[in-house]
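Protein chains: 2
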Amino acid sequence: MSQEEIQSLKDVANKLRIHSVESTTAAGSGHPTSCSSMADIMSVLFFKTMKYTVSEPKAANNDPWAEAGLFPTSELMKLRKLESDLEGHPTPRLNFIDVATGSLGQGLSIACGMAYCGMHYDKSPYRTYCLMGDGESMEGNVWEAFNFAGFYKLDNLCAIIDVNRLGQSDPAPLGHDMEAYRLRLNSFGFHSIVVDGHDVGELIRAFDEAEKTKGKPTCILAKTYKGYNFPSVVNQENWHGKKLCSKAPDASNPKIKSPVAVAPIVDISGIFKLSKPPYYRIGDSLATREAYGTGLVKIAQDNDRVVALDGDMKNSTFSLNLRKVMPERHIECFICEQNLAGVGIGLACRDRTLFPKTNVNVVGSHCGVSIGEDGPSQMALEDLSMFRSLPGCTIFYPSDAVSTERAVELAANTLVKQTMSDKVLIIAGGITLQKALEAASELAQSGTNVRVMDIFTVKPVDKEGIIKNATECGNKILTVEDHYPEGGIGDAVLDVISMEDIKLKKLAVREVPRSGPPMVLLEKHISGQTSKQSYHED
Amino acid sequence: MSQEEIQSLKDVANKLRIHSVESTTAAGSGHPTSCSSMADIMSVLFFKTMKYTVSEPKAANNDPWAEAGLFPTSELMKLRKLESDLEGHPTPRLNFIDVATGSLGQGLSIACGMAYCGMHYDKSPYRTYCLMGDGESMEGNVWEAFNFAGFYKLDNLCAIIDVNRLGQSDPAPLGHDMEAYRLRLNSFGFHSIVVDGHDVGELIRAFDEAEKTKGKPTCILAKTYKGYNFPSVVNQENWHGKKLCSKAPDASNPKIKSPVAVAPIVDISGIFKLSKPPYYRIGDSLATREAYGTGLVKIAQDNDRVVALDGDMKNSTFSLNLRKVMPERHIECFICEQNLAGVGIGLACRDRTLFPKTNVNVVGSHCGVSIGEDGPSQMALEDLSMFRSLPGCTIFYPSDAVSTERAVELAANTLVKQTMSDKVLIIAGGITLQKALEAASELAQSGTNVRVMDIFTVKPVDKEGIIKNATECGNKILTVEDHYPEGGIGDAVLDVISMEDIKLKKLAVREVPRSGPPMVLLEKHISGQTSKQSYHED
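Those sequence lines, one after another, are chains A and B.
Numbered by the UniProt record's numbering, the letters in the first sequence go through residues 1 to 538 in order.
Numbered by the UniProt record's numbering, the letters in the second sequence go through residues 1 to 538 in order.
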């Protein structure tokens, strides 16, 4: 490459530095010193190494990552303003951003999902780049991802660590000890290359070497200085996340390479269907997780971009069913759950596999005291609460084999049992629905009718259906859940009746449970409360 | 050591194997094959290496870990039964267990906390041992902990990985590649020793070498076989978590070594007080996090076992205040939040530092849309919901500098503003309390009085106080929170009024926010709803 080309990339890097100073000065906050340490890396990546069609930022063939030249530079002055899509940390609100960053340590897992998709599903030569900070690289999530990339030999993945030595409040643990980074990466199955991260020529050669390295992923370890080219703050502590001041020169940008168009066109926008409807005999008894395995296979038979991931539990969750018939559609992520979530998001980016629009479907099994002998550490009594607080997510809580298969297919609410003289509306889900139905039968024999409703989706809940049924049942609701009382079914129902004249009582798990047989635990922690704390007492 | 001693340890290992088979057969479930792979390690550790007073399992001088001989072996037949303290995964219900295991990957962080405490606070020669599975060792949390132990040169810590090759559903990623494990551990600052995990002599020598290794922690990499000494299942897949069958021979156990009694007696059972009361002038404006830093120093001045941990945010959270005056009482954990939580639990074990009884105090700052420009990834809009679902935890949400200092000191609820003619009870916390007070003043000028209550603790909430005040305010409540609507303040209040004739309306963040100035975001996402969705409309 020519001296001219190198100079041009250096100019771009300095322009990026100046943009970062000017835009964060206008915003009054931001991270110009970190922008400065990675400016040369960004310049080489965007304007020399990556292949990208600027006019089609979401095109399947593009190397996955953000890109320069995608919006007018004047927009930079609106950074961090409410009306601007240039937020404090990038989000997919910008059409050239595939995933939100900002939560440290998640990027490499997502990049692993993108690279796995390119290698095994798209079978396309696009390459995935992931730049992270040295402080960030200490996150355990990152080491789960390094392990994944090494294990699956993702040679289409290039990680870059911007080793600028300084964290926010202190030097990062390894400082500028590049050899320590190199040994760590090598031991995780990477080809690693240490470079001067401000030497454009070295960077170009390293990215070329990464592309030529086969059978293992590459990590470029770039020794840089925070605040490089800002003489008054360079390599000094206490300049993280603070604005500076400077002025911008003029320069024109080099051209960006176009990608090779070989990634298949994928359409996963339609409705997914079970290849065959659920089929069980009345009275059959089986775990919902087994029906999940059956439903997963049926959905995957209907669409060749359905993929399942598991964390060394596939013989318990029954995702093994899919692996048996379509091994290439099942990814074992081992006991690295954070990385599993990130890989799922990466696979789903740009609609390359199911999980429409980065909506990864999370399927849990073995929740509640009803798991029994494995004890409280395995009961996930907080899972409903945690997922309920995520905006936009839908939570299914299927109660039998048929509804589980249909949940995989996104089925609608079902009302389970009613009479014209119901005294109370019992709302339950999962295993507590079965127990509620049993209780309802017993009560009916002694002359008291109660209505039982399957909540099915814990988010959103069927507000109209609940109010209508509760009104028909004397304005009384009893919620029954095999979870802690906070943030779950009871709270979800309370939320939609908060302005109504309806009383509600919760049955839930009110202390940390212990090990025991499932039905004994259900009696002790949930059903047992009915005698001590009867609904009608109040 | 004599052949007789070695044989005796081998006998103990086989006895442990047989106990595991018999007890899991009686329970009908459990993990005998994993017990078998680690039986020789456990035998050597308990009966040769560790120093322990069996009659005083919580004694400060004991090497931290579980121990044999602490309950009658007949109890083993009650494993996993509801009335037994021997649960599916060990919990502190057993007096010789310091922390619950079962959630994979957390143990080493806790061990790091124990070792750090021994080295820097107790200044005692006790050693900490942490045995983990090879599948488990893939968890990112474990690599955060390895990094911590290496960085702080915890040579009183000995990690052991039981490399039995097999996970639950597949071989673990590294199989029996002991060299790969060795390179990884070395690169994280450990002295690592590969041994045959079924050779008692090699194990004894390795533990000796670990004790003699100074300036770095040791990891013993034990190559073992799952189901060792069970010829029909040894080293085979699909035997994880399943019962077997066998019979027990007789043998007497070797004696356990006593510890050296040099760890100081520590009493942290009293009430902790601020060394000086909060002092601010009316009208002073400062961030609650700054008051937290002030309160932290005052609490630490009152008791020399108060310790603070931070994740490279100390200049933002103001825990730096403590580091400035007492650097030895502040532990920088870098960007490894999972490990930070585990180290805190380890430090608090056996009441060695504040955080009475493994109650670690988690202090968060920068939550809600009111953080502004850094954008939604930094807003932690789910934190109340997540913590509310943890049994037994108390959640403080201080709204000003004085209550923040007092929150550090565990203060009581405060009612903020009331008149005799209040039309509605507004319940808020943190920054929304300030906004509610401003709104109340405006409304009062136009002739409408509203009552404002500071929730202060989100868990537990003051049920009597809320019902009494709501009743005095026309049975109407408006909750205002800078969080998502699920699982937070609104749900917490709904829970305690669910059987009352009180209506409640929530103001909360109902969509994923974007970057912008804090006050603009508060108006857009929370206050703005009052006009669109007025309380009085309903």
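Just so you know, the hints here were simulated from the structure itself, not pulled from any lab data.
Mixed in with the good hints there might be a few duds.
[What the hints assert, rightly or not] Listed next, the in silico EDC-like pairs over lysine to aspartate or glutamate satisfying Cα-Cα at most 20 Å (straight line): (1) A:K476 / B:D85; (2) A:K503 / B:E464; (3) A:K242 / B:E290; (4) A:K153 / B:E179; (5) B:K216 / A:E179; (6) A:K216 / B:D85; (7) B:K503 / A:E179; (8) B:K503 / A:D501; (9) B:K81 / A:E179; (10) A:K423 / B:D501; (11) A:K503 / B:E500; (12) A:K476 / B:D495; (13) B:K242 / A:E290; (14) A:K503 / B:D177; (15) A:K503 / B:D495; (16) A:K459 / B:D495; (17) B:K153 / A:E511; (18) A:K78 / B:D374; (19) A:K153 / B:D177; (20) A:K242 / B:D374; (21) B:K503 / A:D495; (22) B:K468 / A:D170; (23) A:K476 / B:D501; (24) A:K324 / B:D170; (25) B:K459 / A:E511; (26) B:K463 / A:D495; (27) B:K503 / A:E464; (28) A:K524 / B:D85; (29) A:K324 / B:E290; (30) B:K324 / A:D170; (31) A:K468 / B:D170; (32) A:K81 / B:D177.
A quick look at each hint next to the structure:
1. Distance check on the hinted pair: K476 of chain A and D85 of chain B sit about 39 Å apart at the alpha-carbon level, beyond 20 Å; violated.
2. Annotation: proposed proximity of K503 of chain A to E464 of chain B holds, straight-line Cα distance about 18 Å (limit 20 Å).
3. Under the criterion of a C-alpha separation no larger than 20 Å, the hint pairing K242 of chain A with E290 of chain B is consistent with the structure, at around 18 Å.
4. A C-alpha spacing of about 18 Å is found between K153 of chain A and E179 of chain B, which places the hinted pair at or below 20 Å, so the restraint holds.
5. The straight-line distance between the Cα atoms of K216 of chain B and E179 of chain A is roughly 18 Å, inside the 20 Å bound, and the hint therefore holds.
6. Between K216 of chain A and D85 of chain B the CA atoms are separated by roughly 48 Å; this puts the pair beyond 20 Å, and the hint is violated.
7. At roughly 64 Å between alpha-carbon atoms, K503 of chain B and E179 of chain A are farther apart than 20 Å, so this suggested pair is violated.
8. As the CA atoms of K503 of chain B and D501 of chain A are separated by approximately 8 Å, the hinted pair is consistent with the 20 Å bound.
9. Between K81 of chain B and E179 of chain A the CA atoms are separated by roughly 52 Å; this puts the pair beyond 20 Å, and the hint is violated.
10. Distance hint between K423 of chain A and D501 of chain B is fulfilled; the C-alpha atoms sit about 19 Å from each other, no more than 20 Å.
11. For the given pair, K503 of chain A sits about 7 Å from E500 of chain B by alpha-carbon distance, which is consistent with the 20 Å threshold.
12. Distance restraint check for K476 of chain A and D495 of chain B: the Cα-Cα separation of roughly 15 Å lies within the 20 Å cut-off, and the hinted pair is therefore satisfied.
13. For the given pair, K242 of chain B sits about 18 Å from E290 of chain A by alpha-carbon distance, which is consistent with the 20 Å threshold.
14. Between K503 of chain A and D177 of chain B, the direct Cα distance comes to roughly 61 Å. Violation of the 20 Å bound is thereby established for this hinted pair.
15. Restraint check: the Cα-Cα separation between K503 of chain A and D495 of chain B comes to about 11 Å, which is no more than 20 Å; the hinted pair holds.
16. Among the hinted pairs, K459 of chain A with D495 of chain B is consistent with the structure: their alpha-carbon atoms are about 18 Å apart, no more than 20 Å.
17. Between K153 of chain B and E511 of chain A the CA atoms are separated by roughly 39 Å; this puts the pair beyond 20 Å, and the hint is violated.
18. For the suggested pair K78 of chain A and D374 of chain B, the alpha carbons sit about 14 Å apart, so the restraint of at most 20 Å is met.
19. Distance restraint check for K153 of chain A and D177 of chain B: the Cα-Cα separation of roughly 16 Å lies within the 20 Å cut-off, and the hinted pair is therefore satisfied.
20. Our distance criterion of 20 Å between C-alpha atoms is met by K242 of chain A and D374 of chain B, whose separation comes to about 12 Å.
21. Between K503 of chain B and D495 of chain A, the direct Cα distance comes to roughly 11 Å. Compliance with the 20 Å bound is thereby established for this hinted pair.
22. Distance hint between K468 of chain B and D170 of chain A is unfulfilled; the C-alpha atoms sit about 50 Å from each other, more than 20 Å.
23. Straight-line distance between C-alpha atoms of K476 of chain A and D501 of chain B comes to about 12 Å, which keeps the hinted pair within the 20 Å bound.
24. Annotation: proposed proximity of K324 of chain A to D170 of chain B holds, straight-line Cα distance about 13 Å (limit 20 Å).
25. At most 20 Å may separate the alpha-carbon atoms for a hinted pair to count; K459 of chain B and E511 of chain A meet this at roughly 15 Å.
26. For the suggested pair K463 of chain B and D495 of chain A, the alpha carbons sit about 18 Å apart, so the restraint of at most 20 Å is met.
27. Straight-line distance between C-alpha atoms of K503 of chain B and E464 of chain A comes to about 18 Å, which keeps the hinted pair within the 20 Å bound.
28. Between K524 of chain A and D85 of chain B the alpha-carbon distance is near 16 Å, which keeps this suggested pair within the 20 Å criterion.
29. In summary, the hint linking K324 of chain A to E290 of chain B is not supported, as the alpha carbons are separated by about 57 Å, beyond the 20 Å threshold.
30. Among the hinted pairs, K324 of chain B with D170 of chain A is consistent with the structure: their alpha-carbon atoms are about 13 Å apart, no more than 20 Å.
31. A hinted pair counts as satisfied when its Cα atoms are at most 20 Å apart, and K468 of chain A with D170 of chain B does not qualify at roughly 50 Å.
32. Our distance criterion of 20 Å between C-alpha atoms is broken by K81 of chain A and D177 of chain B, whose separation comes to about 52 Å.
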